[in-house]
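K.L.:
For reference, the chains in residue letters:
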Amino acid sequence: MTEAIIHVHRGGPLVALVGNPNCGKTTLFNGLTGSRQKVANYAGVTVERKEGYFEAPSGRRFRVLDLPGAYSLEAASPDEMITRDVCRGHFPGEPPQDVLVCVVDATNLRLHLRFALEVRALGRPMVVAVNMIDAAQRRGIRLDLPQLERELGVPVIPTVAVRKAGAAALVTHLDTQPVGPPAAREPIVDLHAEVRRLLALTVSMPSRTAAIDERLDRIALHPIFGLLTLGVLMFLIFQAVFSWAAPLQDAVSAAVAGFSGFLEGSMPDGPLRSLLTDGILAGLGTVLEFLPQILVLFAFILVLEESGYLPRAAFLLDRMMFVSGLSGRSFIPLLSSFACAIPGIMATRSIQDPRDRLATIMVAPLMTCSARLPVYALLIGAFIPRQTVGGIFNLQGLLLFALYMAGIVSALLVSWLMKRWHHDRAEHALLLELPSYRLPNLRDLALGLAERTRIFLRRVGGIILALTILLWFLSSYPAPPPDAVGNALDYSFAGRLGHAMEPLFAPIGFNWQICIALIPGLAAREVAVASLATVYALSNDNADVVASQLSQIVATEWSVATGLSLLVWYIYAPMCLSTLAVIRRETNSWRQVWIATGYLFGLAYLASLVTYQLARLWA
Amino acid sequence: MNTLSSRPAAACDLPRATGDAPTLAPTLAPTLAQTLAQTLNELPNGKVAWVRSVSNLADAPEWADRLEEVGFIPGERVMVMARGMPGGDPLVVRVGNSTFALRRAEAACVHIATSAA
Chain A
21 MTEAIIHVHR
31 GGPLVALVGN
41 PNCGKTTLFN
51 GLTGSRQKVA
61 NYAGVTVERK
71 EGYFEAPSGR
81 RFRVLDLPGA
91 YSLEAASPDE
101 MITRDVCRGH
111 FPGEPPQDVL
121 VCVVDATNLR
131 LHLRFALEVR
141 ALGRPMVVAV
151 NMIDAAQRRG
161 IRLDLPQLER
171 ELGVPVIPTV
181 AVRKAGAAAL
191 VTHLDTQPVG
201 PPAAREPIVD
211 LHAEVRRLLA
221 LTVSMPSRTA
231 AIDERLDRIA
241 LHPIFGLLTL
251 GVLMFLIFQA
261 VFSWAAPLQD
271 AVSAAVAGFS
281 GFLEGSMPDG
291 PLRSLLTDGI
301 LAGLGTVLEF
311 LPQILVLFAF
321 ILVLEESGYL
331 PRAAFLLDRM
341 MFVSGLSGRS
351 FIPLLSSFAC
361 AIPGIMATRS
371 IQDPRDRLAT
381 IMVAPLMTCS
391 ARLPVYALLI
401 GAFIPRQTVG
411 GIFNLQGLLL
421 FALYMAGIVS
431 ALLVSWLMKR
441 WHHDRAEHAL
451 LLELPSYRLP
461 NLRDLALGLA
471 ERTRIFLRRV
481 GGIILALTIL
491 LWFLSSYPAP
501 PPDAVGNALD
511 YSFAGRLGHA
521 MEPLFAPIGF
531 NWQICIALIP
541 GLAAREVAVA
551 SLATVYALSN
561 DNADVVASQL
571 SQIVATEWSV
581 ATGLSLLVWY
591 IYAPMCLSTL
601 AVIRRETNSW
611 RQVWIATGYL
621 FGLAYLASLV
631 TYQLARLWA
Chain B
429 MNTLSSRPAA
439 ACDLPRATGD
449 APTLAPTLAP
459 TLAQTLAQTL
469 NELPNGKVAW
479 VRSVSNLADA
489 PEWADRLEEV
499 GFIPGERVMV
509 MARGMPGGDP
519 LVVRVGNSTF
529 ALRRAEAACV
539 HIATSAA
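Protein chains in written order, with this note's numbering: chain A, 21 to 639; chain B, 429 to 545.
It is possible that some hints are incorrect.
Pairs of lysine to aspartate or glutamate residues, derived as DMTMM-like cross-links and limited to a Cα-Cα distance of at most 25 Å, are as follows [as the list claims (entries may be wrong)]:
#1 Lys70/A <-> Asp510/A
#2 Lys475/B <-> Glu496/B
#3 Lys58/A <-> Asp118/A
#4 Lys439/A <-> Asp464/A
#5 Lys475/B <-> Asp517/B
#6 Lys439/A <-> Asp517/B
#7 Lys439/A <-> Glu496/B
#8 Lys475/B <-> Glu453/A
#9 Lys475/B <-> Asp233/A
#10 Lys184/A <-> Glu114/A
#11 Lys184/A <-> Asp464/A
#12 Lys70/A <-> Asp444/A
#13 Lys70/A <-> Glu234/A
#14 Lys475/B <-> Glu234/A
#15 Lys439/A <-> Glu490/B
#16 Lys58/A <-> Glu522/A
Quick caveat, the hints were computed from the structure, so don't treat them as lab data.
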């Protein structure tokens with residue numbers, strides 16, 4: 021599926037920001053454009069296209085394009101190819117930019133200037149923005165910017181992207197000075213030698229900079245203390261996700277329930293009301309309830325990312341992940357998947373090695389996402405007694421922890437098997453930069469959260485809305501004839517399908533109610549709870565069945581073996597079509613989607629079978 | 429032709445990666461052999477060294493280019509800051525002013541000298 025390039029903002033000169041990763045380019049972009057930015061995709065690839073605009077003091081509007089960070093125009097990854105092609109004007113549909121702003125890190129010109137020289141060789145109008153000037157000053161690095169400007173032959177402007185007015189000099193320059201292409205000169209063969217020459221003329225560095233980084237890294241990279249720190253951080257994050265998000269979750273579910281009640285009261289009974297309350301609100305409402313948890317987890321991930329800590333975590337975990345066929349870079353996408361696999365899978369774009377990326381995408385659905393929690397809560401509440409083990413550990417809590425661990429261990433096992441299956445003995449590169457530690461910027465955090473919320477709502481809301489409507493339809497039609505006895509649901513498409521599935525699922529202990537609930541349950545994991553409630557409500561001729569009542573119904577009507585079997589089913593089964601849709605999008609391949617669907621359902625059935633039969637024997 | 433046997437060895441005298449084996453006085457041979465054999469993954473933590481060259485891995489020819497792009501160029505200072513556990517893989521390497529995490533296989537492409545040119 022190809023997407024056309026969307027030029028979201030009209031008019032005005034087009035400025036493109038380029039630079040190495042970790043030069044502060046995105047912070048500069050956020051500072052210039054604020055909330056006036058839109059994210060789309062470059063046609064045919066999964067690289068994000070970020071365009072925004074700002075208004076200069078003269079009133080002129082400038083469009084800004086944030087290109088992916090690249091160490092070189094000799095591109096190695098899809099990201100870098102985009103930067104190379106767009107800068108050269110070779111990308112179809114992208115017009116040539118009016119000005120290239122090459123952003124370099126003032127504290128590390130040794131690395132960053134090389135790229136500036138490559139960009140200069142393109143012969144397009146350009147300006148060099150020397151960013152993080154404040155950090156350089158703090159470290160005692162002295163820069164002779166006018167001299168650098170003379171040597172480079174292009175305007176050199178200092179910026180402090182993290183400060184409010186930090187880009188003022190850049191904006192003024194773009195607004196008032198016409199920017200022409202640099203004077204033509206002989207192509208430089210040895211870029212590093214030229215960088216050395218420039219540094220000798222313009223930069224004076226004290227012998228030891230970055231003392232704070234080294235001190236922090238002594239702990240963060242320590243084999244024991246580093247892992248300990250990481251463990252504590254992860255524990256704190258999960259605690260925060262489950263406790264801080266709770267009041268927000270309650271607020272969302274109260275709002276949804278309130279709106280639903282309002283509709284029930286004010287609308288006449290009939291299919292439209294049923295569609296709106298039982299279909300759309302029930303389906304979307306349950307998904308929206310997870311948004312607070314997702315946002316809290318993302319806030320932490322963004323803070324860790326901005327602070328520069330995450331590559332350290334990737335380093336600590338790399339060995340273990342590499343043995344399992346993943347990469348240290350898989351850590352962030354898999355961590356995100358604990359909130360929701362959709363943004364987690366989208367985050368695999370940062371993994372350059374295609375085999376590592378595919379392995380991460382394939383196992384991301386095994387991470388215990390927050391949508392499984394209502395199902396787990398229902399079943400654990402119904403079947404596991406509230407006991408303490410060893411005096412301190414809550415049995416219910418222990419089982420929840422065991423379910424999380426099962427997901428993680430299975431993921432490592434599956435990716436290890438994938439590596440063996442592909443006879444993958446090749447060496448994989450890591451080459452991960454550990455940038456300087458820095459204080460996270462609140463504005464960037466807010467913008468990052470807003471963007472992820474928008475993306476999540478767009479994707480999930482789109483497909484879940486469509487599927488919920490479809491499944492409501494399947495569960496409501498055909499309606500039972502007026503003289504029908506028994507369950508209304510039995511007459512619908514979903515009901516008939518559920519009954520037909522029963523023999524297939526008998527070995528794993530699923531009764532026909534579960535089978536019916538699994539059909540709308542395909543839309544999203546948490547929908548299963550609502551579906552079960554619907555099944556028991558419609559079959560009991562009750563108006564509605566609240567979750568706590570459902571827990572009691574389930575506890576009395578099902579066997580423990582069935583409950584455990586369904587729990588285990590939910591560890592593996594991809595009861596989330598949105599995840600499969602994102603896999604399709606990120607891999608550009610239907611084959612991978614079928615492989616993922618097949619192996620996940622296969623594992624689910626096998627695990628449920630083992631669980632059910634063992635539990636039955638033991639009971 | 430260089431008669432290395434008649435002067436003390438210095439890093440700048442070393443032949444380039446695929447050069448001929450020089451004729452050496454027996455007393456110099458072990459030192460040169462040690463220095464010649466050193467790749468970045470063999471450098472102990474905290475010890476400073478200098479990059480001599482970056483070689484290619486047979487099935488990953490692009491690694492040398494990438495390593496050079498990010499600063500592993502002849503004459504550049506390198507130091508290993510930390511190693512992963514167990515097995516010392518990956519390594520955290522400071523090169524120039526940047527810090528990178530590399531796998532052992534990547535670090536093995538970087539040939540180093542433990543004394544300055």
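K.L.:
Work down the list of hints and note, for each, if the structure agrees.
P.N.:
We went through each hint and held it up to the structure:
Straight-line distance between C-alpha atoms of Lys70/A and Asp510/A comes to about 50 Å, which puts the hinted pair past the 25 Å bound. Only pairs whose Cα atoms come within 25 Å are accepted, and Lys475/B paired with Glu496/B is accepted, the gap being roughly 21 Å. About 20 Å separates the Cα atoms of Lys58/A and Asp118/A, which keeps this hinted pair within 25 Å; it holds. Our distance criterion of 25 Å between C-alpha atoms is broken by Lys439/A and Asp464/A, whose separation comes to about 37 Å.
The suggested pairing of Lys475/B with Asp517/B holds, with an alpha-carbon distance near 17 Å, which does not exceed 25 Å. Between the alpha carbons of Lys439/A and Asp517/B the distance comes to roughly 19 Å, so the proposed pair stays at or under 25 Å and holds. For the given pair, Lys439/A sits about 29 Å from Glu496/B by alpha-carbon distance, which is inconsistent with the 25 Å threshold. Between the alpha carbons of Lys475/B and Glu453/A the distance comes to roughly 20 Å, so the proposed pair stays at or under 25 Å and holds.
A hinted pair counts as satisfied when its Cα atoms are at most 25 Å apart, and Lys475/B with Asp233/A qualifies at roughly 18 Å. For the hint pairing Lys184/A with Glu114/A, the CA-to-CA distance comes to about 30 Å; that exceeds 25 Å, so the pair is violated. Our distance criterion of 25 Å between C-alpha atoms is met by Lys184/A and Asp464/A, whose separation comes to about 12 Å. For the hint pairing Lys70/A with Asp444/A, the CA-to-CA distance comes to about 35 Å; that exceeds 25 Å, so the pair is violated.
In summary, the hint linking Lys70/A to Glu234/A is not supported, as the alpha carbons are separated by about 34 Å, beyond the 25 Å threshold. The hinted pair formed by Lys475/B and Glu234/A meets the criterion: a straight-line CA distance of about 15 Å does not exceed 25 Å. For a cut-off of 25 Å, the pair hint linking Lys439/A to Glu490/B stands: about 22 Å separates their Cα positions. Straight-line distance between C-alpha atoms of Lys58/A and Glu522/A comes to about 48 Å, which puts the hinted pair past the 25 Å bound.
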